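My request is simple: use the sequences and hints to build the entire structure.
All the letters of the sequence shown, read from the start, carry residue numbers 1 to 756 under full-length UniProt numbering.
These are computed hints drawn from the structure, not numbers from a lab.
Quantities reported herein were computed from a predicted structural model and do not represent experimental measurements.
Glycine included, every Cβ here is placed at the ideal spot set by N, Cα and C.
It is possible that part of the hints are untrue.
Now the in silico label distances, taken between C-beta atoms and shown as ranges [to be verified]:
#1 200 <-> 298: 52 to 60 Å
#2 242 <-> 503: 29 to 37 Å
#3 635 <-> 298: 21 to 29 Å
#4 626 <-> 448: 22 to 30 Å
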Amino acid sequence: EVQDFYTSNLKKPTLKEENVWPWVGNRSSSSGVSFSCPHVCVCLFLLCLTGSLLGHPQCLDYGPPFQPPLPLEFCSAYENFGCCDQERDNSIAAKYWDIMDYMDPQGHKLCGTYIKDILCQECSPYAAHLYDAENPRTSLRSLPGLCFDYCSEFHLNCHSAIRLLTSDKHIQECCETNRTHFCHLLQLQDEDYCFPQVLRNSALSRSLGLALEECGGCIQLCLAEVANGLRNPVLMAHAADQTHRAFIAEQLGLVWVYLPDGSRLEEPFLDIQRIVLATPWLGDERGFLGMAFHPKHKDNRKFYIYYSYMDKNQVEKIRISELKVLASDANKADPRSERNLLELEEPAANHNGGQLLFGVDGYLYIFTGGGGKAGDPFGKFGNAQNKSTLLGKVLRIDVDGKSPDGKPYRIPPDNPFVSDAKARPEVYAYGVRNMWRCAVDRGDPVTKKGRGRIFCGDVGQNRFEEIDLIVKGGNYGWRAKEGFECYDTKLCHNSSLDDILPIFAYGRSVGKSVTGGFVYRGCESPSLNGLYIFGDFMNGRLMALQEDEKTNKWKKQDICIGSTTACAFPGMISSYSKFITSFAEDEAGELYFMSTSYPSAYAPHGSLYKLIDPARRAPPGKCKYKPVRVKTRSKRIPFVPRAKTVLELLNEPSTIKPPKKSSTLTAATPRVSSKKAQKTPSTKIKASTVETGPSGQGRQRVKAKPHKGKKVAHESRTAPAPPLPKKKSSHQARVKEVLPKKAALAKGKPEKRRKK
Numbered sequence: 001e002v003q004d005f006y007t008s009n010l011k012k013p014t015l016k017e018e019n020v021w022p023w024v025g026n027r028s029s030s031s032g033v034s035f036s037c038p039h040v041c042v043c044l045f046l047l048c049l050t051g052s053l054l055g056h057p058q059c060l061d062y063g064p065p066f067q068p069p070l071p072l073e074f075c076s077a078y079e080n081f082g083c084c085d086q087e088r089d090n091s092i093a094a095k096y097w098d099i100m101d102y103m104d105p106q107g108h109k110l111c112g113t114y115i116k117d118i119l120c121q122e123c124s125p126y127a128a129h130l131y132d133a134e135n136p137r138t139s140l141r142s143l144p145g146l147c148f149d150y151c152s153e154f155h156l157n158c159h160s161a162i163r164l165l166t167s168d169k170h171i172q173e174c175c176e177t178n179r180t181h182f183c184h185l186l187q188l189q190d191e192d193y194c195f196p197q198v199l200r201n202s203a204l205s206r207s208l209g210l211a212l213e214e215c216g217g218c219i220q221l222c223l224a225e226v227a228n229g230l231r232n233p234v235l236m237a238h239a240a241d242q243t244h245r246a247f248i249a250e251q252l253g254l255v256w257v258y259l260p261d262g263s264r265l266e267e268p269f270l271d272i273q274r275i276v277l278a279t280p281w282l283g284d285e286r287g288f289l290g291m292a293f294h295p296k297h298k299d300n301r302k303f304y305i306y307y308s309y310m311d312k313n314q315v316e317k318i319r320i321s322e323l324k325v326l327a328s329d330a331n332k333a334d335p336r337s338e339r340n341l342l343e344l345e346e347p348a349a350n351h352n353g354g355q356l357l358f359g360v361d362g363y364l365y366i367f368t369g370g371g372g373k374a375g376d377p378f379g380k381f382g383n384a385q386n387k388s389t390l391l392g393k394v395l396r397i398d399v400d401g402k403s404p405d406g407k408p409y410r411i412p413p414d415n416p417f418v419s420d421a422k423a424r425p426e427v428y429a430y431g432v433r434n435m436w437r438c439a440v441d442r443g444d445p446v447t448k449k450g451r452g453r454i455f456c457g458d459v460g461q462n463r464f465e466e467i468d469l470i471v472k473g474g475n476y477g478w479r480a481k482e483g484f485e486c487y488d489t490k491l492c493h494n495s496s497l498d499d500i501l502p503i504f505a506y507g508r509s510v511g512k513s514v515t516g517g518f519v520y521r522g523c524e525s526p527s528l529n530g531l532y533i534f535g536d537f538m539n540g541r542l543m544a545l546q547e548d549e550k551t552n553k554w555k556k557q558d559i560c561i562g563s564t565t566a567c568a569f570p571g572m573i574s575s576y577s578k579f580i581t582s583f584a585e586d587e588a589g590e591l592y593f594m595s596t597s598y599p600s601a602y603a604p605h606g607s608l609y610k611l612i613d614p615a616r617r618a619p620p621g622k623c624k625y626k627p628v629r630v631k632t633r634s635k636r637i638p639f640v641p642r643a644k645t646v647l648e649l650l651n652e653p654s655t656i657k658p659p660k661k662s663s664t665l666t667a668a669t670p671r672v673s674s675k676k677a678q679k680t681p682s683t684k685i686k687a688s689t690v691e692t693g694p695s696g697q698g699r700q701r702v703k704a705k706p707h708k709g710k711k712v713a714h715e716s717r718t719a720p721a722p723p724l725p726k727k728k729s730s731h732q733a734r735v736k737e738v739l740p741k742k743a744a745l746a747k748g749k750p751e752k753r754r755k756k
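Pasting the structure below:
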C-alpha cells in the first residue's frame with residue numbers, strides 16, 4: 001500500500017533508507033497522455049536540460065509528476081501535469097476555504113489569490129524542490145520557496161495570514177512584521193525554481209511532459225536494484241497466477257523464487273545442476289537456458305524448461321521438458337515429474353538458442369540455435385535454411401496433446417509446413433542464427449493494438465545484430481543474409497525476395513551481441529508504452545525502438561542511465577553491471593533486465609534491475625494490486641542492496657561534481673571498475689561491475705572451451721496543516737471577529753545468444 005505522505009508526522013528519509021519510493025516496488029502509478037517531439041519519435045520527457053539547473057520534477061511523496069486521471073477543480077494550473085490527484089486537490093481546496101473563513105471581504109480580495117497559489121504549490125511538478133524535499137540533509141519547509149519580489153508583495157498585503165498558512169512558531173513570531181526576514185527564510189538557493197519564477201522559466205516549462213526539440217540525445221531512465229548475487233541470471237519468469245512471484249534462473253541449473261516484498265526463498269524452486277551441462281569458462285553458452293509457465297499453470301501446475309546436457313554416450317544435446325509444481329508446495333518443482341518433449345543433438349558448444357514462450361494462441365514456441373561454429377557450415381545450405389532439421393528454427397508445438405506417431409506433443413494443424421514432406425512439421429519459421437531472448441507483446445493496455453506480436457533479438461556473425469518480428473512461415477535469411485545485407489553471396493543472390501527482413505539492425509560501431517527485450521506495456525511509466533527496449537550483451541548498451549504507425553518503420557533511440565539530476569530519488573541507482581544477459585517483465589508488466597560483471601556460470605556477480613521513467617509516473621493508486629498470498633515453507637531471505645543509490649553518492653563529498661553544462665546526454669555505458677578479472681586462456685573478457693552482478697551468457701567473440709572433466713564445485717509530503725488561530729489577528733486584510741470553526745485544517749488522505 002502507498003504510504004500517506006500527507007500526514008503531520010511525515011519525516012524526510014535518511015540517506016540510509018532504501019525503497020521508500022512507493023512506485024519502485026509495483027505499488028502505485030500509470031496512465032497518461034502521449035507527448036511528441038519533431039525530431040524524436042519517443043513519447044518521453046527527456047531530461048536534456050541546459051545550464052546548471054539542479055532541480056528536477058519531483059513530488060512530495062518522492063515520485064515523479066503525473067497526469068491527474070480527472071481534472072483538478074481548484075489547483076487547475078496543474079490539471080495536465082503535476083503532483084495532485086482530485087482527492088488531494090479537494091483537500092487543498094478545503095484547507096483554503098477554512099482559511100478564508102477568517103477573512104473579511106477585503107481580505108478575500110487582497111489575499112485570496114496569494115493564499116491559493118501558495119497552497120497549490122503542493123501540486124507543482126517541482127513541489128519537492130519548492131519545499132526542500134529533495135535534500136534529505138535539510139528540514140522540510142512548511143511553506144514553499146517564493147521569489148523575493150512575490151514574497152514581498154504577499155507580506156505587504158497579507159502578512160497576518162502567515163499564521164493561518166503555517167504552524168511554524170519561529171516563522172509566526174519572527175516574520176509577521178519583518179518582511180525582509182520572512183522573504184529571506186522562504187528564498188531558495190536556486191532562484192530558477194522559486195514560485196512564480198519556476199512557471200516562467202522556459203528551459204523548465206518546455207520540458208515538462210515534452211521531449212525537447214533540440215535534445216537529439218537519449219532517453220533518460222533510472223534503475224532500481226531488485227536482486228543481486230546471482231550466478232549468470234539468464235531469465236526471469238512469472239506464473240500469471242496473481243501471486244506476483246518472480247522466478248529467476250541461473251545458468252548452472254537453479255531457479256529461485258522472489259516474493260512481491262523483494263525477499264527470496266532460501267530453498268530453490270528447481271535444482272537440476274547435476275543434469276545441466278554448464279562450465280565455469282567465460283562465455284560458455286551451454287546451461288539452463290529457458291523456462292515458461294503453461295498458460296493454465298494455476299490449474300495444471302505445469303511449466304517447461306530448455307537446457308543443455310550430455311547423454312550417456314557423451315553426446316551434447318538440448319532437452320525441452322515438461323515438469324509440474326508440487327501439489328503440496330507451490331514454491332517447489334517436482335523434479336521427478338519431468339517429461340521429455342524434445343531432444344536435439346548439438347554439433348558444437350555454441351549457438352544453443354534457449355527461448356521458450358507461449359503465444360496468445362496457447363502454443364509453445366521454441367527458439368533453437370543453428371548448431372554452432374561460424375557461418376553455419378552444416379550441409380549444403382546450413383542448418384538454418386534446411387527445414388528438415390530443427391536447428392536454427394522457430395518451432396511451434398501443442399503441449400496439450402499427443403501426435404499419432406507417438407510424439408509427446410501435437411502439431412498445430414495450421415503450422416506452415418505440415419504438408420511439406422521435406423520439412424519437419426514443428427517448424428514455424430526458419431533461417432535464424434541464434435535468437436537470444438524473444439518476447440510476446442501484451443498489446444496496448446487500452447486498445448490492445450500489437451497484442452500477440454513476437455519480437456526476437458538474433459545475434460549476428462561478424463557485421464550485424466538484428467531485431468525481428470516473427471511471422472508464420474517466415475525465412476529470416478541466415479546464412480544467405482546477415483541483417484539487411486548478404487553474408488553468403490551465392491546463397492544470397494539465389495534467395496527469395498520474400499525473406500523477412502529485420503525491423504532494425506545495427507553494426508559493430510553500436511554493439512556486438514544483441515540481447516532481445518520487451519515492448520513496455522506496464523502501468524507505472526505510461527510514457528514508455530509501446531517502446532521496444534533491448535540491449536547489447538558485449539558493451540552493455542541499452543536501446544529502444546519506436547514504431548511510426550504511418551510508415552511502419554522503427555526508429556532507434558539510445559537509453560541513458562545514471563544522471564544524478566534525473567535519478568536523485570530514494571532507491572534509485574546510477575550504474576549497472578556491464579554484460580546484459582536478459583530482459584524480463586513481471587506479472588504487472590513492469591520491465592527489468594539482468595546483467596553481470598563477470599560472464600561465468602559459477603560467478604555470483606549478477607543483478608536484476610528495474611527500469612523506471614523519472615519524468616512521469618501514473619496517478620497514485622492506479623497501479624495498485626493485491627498479490628494472492630502463497631504459503632511458504634522455506635525461510636525468507638530479505639533483499640540487501642549492494643549498489644549505492646544516487647542520493648548516497650551525492651552525499652559523499654569526494655563524489656560530488658559540478659553539473660555538466662552540455663545540453664544533451666550521451667548514451668549511458670555501465671560503470672566499469674578498474675579492477676581486472678583474472679584471465680583464463682579461453683577469453684579476454686574482464687570483470688566489469690557496479691558493486692556486484694552474476695555472470696552472463698557467453699556471446700559475441702567469447703570462445704568457450706569444450707566441456708571436459710568435472711564441473712567446478714561451488715557454494716551451492718506535504719507540510720502538516722497548521723492549527724487555526726484561536727483569536728483574531730491584526731493585519732491589513734482584516735480577519736473576521738469570529739471563533740475558529742475547527743481546531744485544525746483538514747489533512748489530506750493518502751493518494752490512494754547469445755554469443756557468437
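Beta-carbon spacing of residue 626 to residue 448 - inside the hinted bounds 22 to 30 Å or not: Holds: the Cβ-Cβ distance is about 24 Å, inside 22 to 30 Å.
Distance restraint evaluation - residue 200, residue 298, Cβ atoms, bounds 52 to 60 Å: holds, 55 Å
Outcome of range test on Cβ distance (residue 635, residue 298; 21 to 29 Å): 25 Å Cβ-Cβ, so the 21 to 29 Å window holds.
Supplied distance hint 29 to 37 Å, evaluated on CB atoms of residue 242 and residue 503: Since the Cβ atoms of residue 242 and residue 503 sit about 33 Å apart, the hinted range of 29 to 37 Å holds.
Going down the numbered hints, you'll see the structure goes against none, and every one checks out.
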